[in-house]
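Student: The chain contents come next:
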Amino acid sequence: MTMERNPLMRLVVIGNGMAAMRTVEELLQRDGGALYSITVFGAEPHPNYNRIMLSCVLAGDKSFDETVINTREWYAQNGITLFSGDPVAAVDREAKTVTSQSGRVVAYDKLLIATGSRPLAPSIPGLGLPGVCAFRDINDVETMLEAARTKSRAVVIGGGLLGLEAAWGLKQRGMSVALVHLMPTLMERQLDVPAAQMLQKALDRRGISFFTSGQTESITGDGHVEGVQLGDGRYIPADLVVLAIGIRPNIDLAKAAGLQIGRGITVFDDMRTSDPAIFAVGECVEHRGQVFGLVAPLWDQAKVCASHLAGEATAAFASKALATSLKITGIDVFSAGALTAADPDDDEITLRDDARGIYKKVVLREGKLVGAVLYGDVTDGQWYLQLMRDKQDVSVWRERLVFGRAIAETGKPVGPDFAAMPDDTQICGCNGVSKGTICKAVREKNLTTLADVRAHTKASASCGQCTGQVEALLAFVTGGVKTAKKTICACTDQSHDEVRAAIVGKRLKTMAAVRAALGWKTPEGCQKCRPALNYYLLCAWPGEYVDDLRSRFVNERVHANIQKDGTYSVIPRMWGGVTTAAELRAIADVADKYAVPTVKVTGGQRIDLLGIKKDDLPSVWRDLNRAGMVSGHAYAKGLRTVKTCVGSEWCRFGTQDSTGLGIKLEKLCWGSWTPHKVKLAVSGCPRNCAEATIKDVGIVCVEGGFDIMIGGNGGIEVRVTDKLARVATEGEVLEITAAFLQMYREEAHYLERTAPWVARIGLEAIRRRVIDDRTERQALFDRFLYSQKFAQTDPWAERVAGSEAHEFAPLEEV
Amino acid sequence: MSTANWNKVGRLESIPVRGARRLCSLYFGRPVAVFRTGDDQIFALVDECPHKKGPLSEGIIAGDTVACPLHGMVIGLQDGVAVAPDEGAVKTVPVSVIEGEVYLHLPEPGAPG
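Protein chains in written order, with my numbering: chain A, 9 to 822; chain B, 4 to 116.
In isolation and in its complexed conformation, chain A is listed as follows:
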């Protein structure tokens, strides 16, 4: 008997997915490694990875390696035998063995089935055509990425979570994307109609075309997919079709083994199947009539299953209220429990603000929360979920519940006492609008949003300072309460947008004036708002506003980058990444003369001198200035570098003079202050050696023209640029780049890079003003040029000449 030769029991795991391996991890934590020798069979040829993150891999936010949960070394270290790429073909319950596709026979004492789910495939013609795939595993993602590299048109069938994430990922990868959904609204199982409509509108603005109420009749093509034919006659051309209409439990193996099955493999509260030696977890199981598609209950199942495998016999699985969220940058969706009132005793409470893109609904039954749908602001999602799970009585909070935890729990009255306020009290100073006028308009014209009130009364339509009051008054009249908002910092109740609007609208030209006009709570602000206000004023009033160095971060005040040891790094500008022997000689001399410990080439094609003492900065700059070099602004929230490839002057593939264009762009844009740092690049052909498609503005030269790409980022969250336009001349490139930068300078929030800003306001909003409207483009361009007149002085030369001299010398002790 094996027990004598090997004291360990044998656990065989069918499936190498998330549920299976979480169960194994839980088992190892319970010292299960001492009880079992474990063998794992996986159908896919990879180690275990986080399937949920596939959307991020597709969208380019993560690499596949970052999704790997357990490496092959982990299996080895824990004594687990892994057969990947070799699915189990049969289970013999009599002999207690499994047989794999390749013919391996392994005996078990305990068996764990975690075969997951399969994509649902409708029976429509053309499903087998090349270019049609599901969105289930890394293989599907690779198919989609390959299509994105070589093809342009994608159709996603299915408007649920998975379909939307697939569509967004493909859009991010540069494809034009259409989404077909059988139902009239998206994510109909998780979202009610208003939330779904707001979601569709937001994605529509980001360039995804929707075909709702669309029944796919066939997928057409000759040798490769060419299009999707809908039942109502609509036809959508396609080079790639992704099916994401749902999943069904993968029960084939369990069925063949004679286990009890329903929609999934039937399991009891201890995760055992109808055969006590066989457990099952994950998307393949059915528990008390329920099947599973989200990850949270899988983790609970893994815990329960592991504790029974480890001999702790008390744990029981019970499904809890679940929440859904959507992984699309800048789109916040949360949903849990009931979407709508199911019977006359249920109550729905909703809040909707189209102008701010916010929708909230809670569903109450007998004083308890049974559902929540949030769009645009999901901060309170987890709190609602906990209230639902705890079945807490929330009747005392009823009137405040929809405004979230902060307001519900404090119980303080929100906003001014409008009931006691006389009707002739002026609310909007710019346009002379009184409380009475606003109340009358709201009541008589049934206004429901801030945008409506602005349109009808002009209240808060100019400087925006009274926006909060108008919103609160609107809520007072319509019976709601004002919601919390994001402010610049704790010194103020104003948002970035409101402050920017007031600076321009009320012609505020000093920080003190801004703080006085907008009711700052601190006399001189804080380290958060001061740099923001300094930038906003500098941007609004170039040539008039005096830059406040004391409100700038040390790097921008000292014009060098502080390092961890308090020394500085110095980076001279190298226009377009081009240098000369004379410049290199001067840099080498500086390195010798000041004993510079490290000389480093940067990612932006510049040379960095690291470890310079603060006192030495002016003389280092003097030496560099003498060789004709100026500040590279490597420390600035401003234009950093324009990276280039060699282009048509030398490269056999180059289509345009990318180096020359890069230098022209840098000469145009250097010195400009922006909300956050800005990096440009110009590639001479689509091979893109300058990596232009992860820059704030990237120019990719093509035969006879230039693609202008915007909003890329190579940082923590990699974002590939969106294509703004293709133009024919260098002149257009320069004008459009400057106009885009000016729009970013005037409208983004301080410390917001172009990538999140573009994602927030949408490509179309930028295209309208920078491409389509020629007058607007010209105006932006002119304002940029005007601002540059005051920005383009070398700060190093000024300091070499004696400006801010106290900055670079310590106090003398007498």
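These aren't lab readings, by the way, just hints derived from the structure by calculation. Possibly wrong hints are sitting among the right ones.
[Unchecked claim] Straight-line Cα separation of at most 30 Å, BS3-like style, residue types lysine-lysine; simulated pairs: (1) A:621 - B:11; (2) A:572 - A:529; (3) A:572 - B:55.
[To be verified] Listing some non-contacts, in silico: residues in chain A with all C-beta distances to chain B over 12 Å: (4) 74; (5) 205; (6) 550; (7) 658.
Note that CB positions come from ideal geometry on N, CA and C, so glycine has one too.
Could you slot chain B onto chain A? The hints should help.
Tutor: Positioned in the frame of chain A, the structure of chain B alone reads:
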């Protein structure tokens, strides 16, 4: 006051408003900085953030606090104590302004900086 160990370090105007300057000399082997607030109060602290020894003299000064330039910890200039929820403190150095001259109480003769 006794003039023993009170060292004149410079005139008030030599320190920028909402600014700071570091001393040439050390205090028990540590750098020292003198801070001037928006309302012309003068404070002196050991110029090392309790977090990672960042030079506080390079931080942004607002009210009577300074934010360390390395990782943003905010330190009270009055007592050298980090503003909650952060924890930690730096040593304060007694300072006095007489007729526009700034004096620091440095019991140990400073080593050259």
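Student: Taking 30 Å as the top limit, are the C-alpha atoms of residue 572 of chain A and residue 55 of chain B close enough?
Tutor: 8 Å, holds
Student: Holds or violated: are the alpha carbons of residue 621 of chain A and residue 11 of chain B at most 30 Å from each other?
Tutor: This hinted pair holds, its Cα atoms lying about 25 Å apart.
Student: Is it the case that residue 658 of chain A keeps its Cβ farther than 12 Å from each residue Cβ in chain B?
Tutor: 42 Å, holds
Student: Would the least Cβ to Cβ distance between residue 205 of chain A and chain B come out above 12 Å?
Tutor: At roughly 41 Å from the nearest Cβ of chain B, residue 205 of chain A sits farther out than 12 Å, so the non-interface label holds.
Student: So residue 74 of chain A supposedly isn't at the interface. Is its beta-carbon more than 12 Å from every beta-carbon in chain B?
Tutor: Residue 74 of chain A clear of chain B: closest Cβ-Cβ about 26 Å, beyond 12 Å.
Student: Given the hinted pair residue 572 of chain A and residue 529 of chain A, is their alpha-carbon gap at most 30 Å?
Tutor: Outside the cut-off at roughly 34 Å; violated.
Student: Checking a non-interface call: every C-beta of chain B should be farther than 12 Å from the C-beta of residue 550 of chain A. Is that right?
Tutor: At about 23 Å from chain B, residue 550 of chain A clears the 12 Å cut-off, so the statement holds.
Violated hint for the displayed structure: number 2, the only one.
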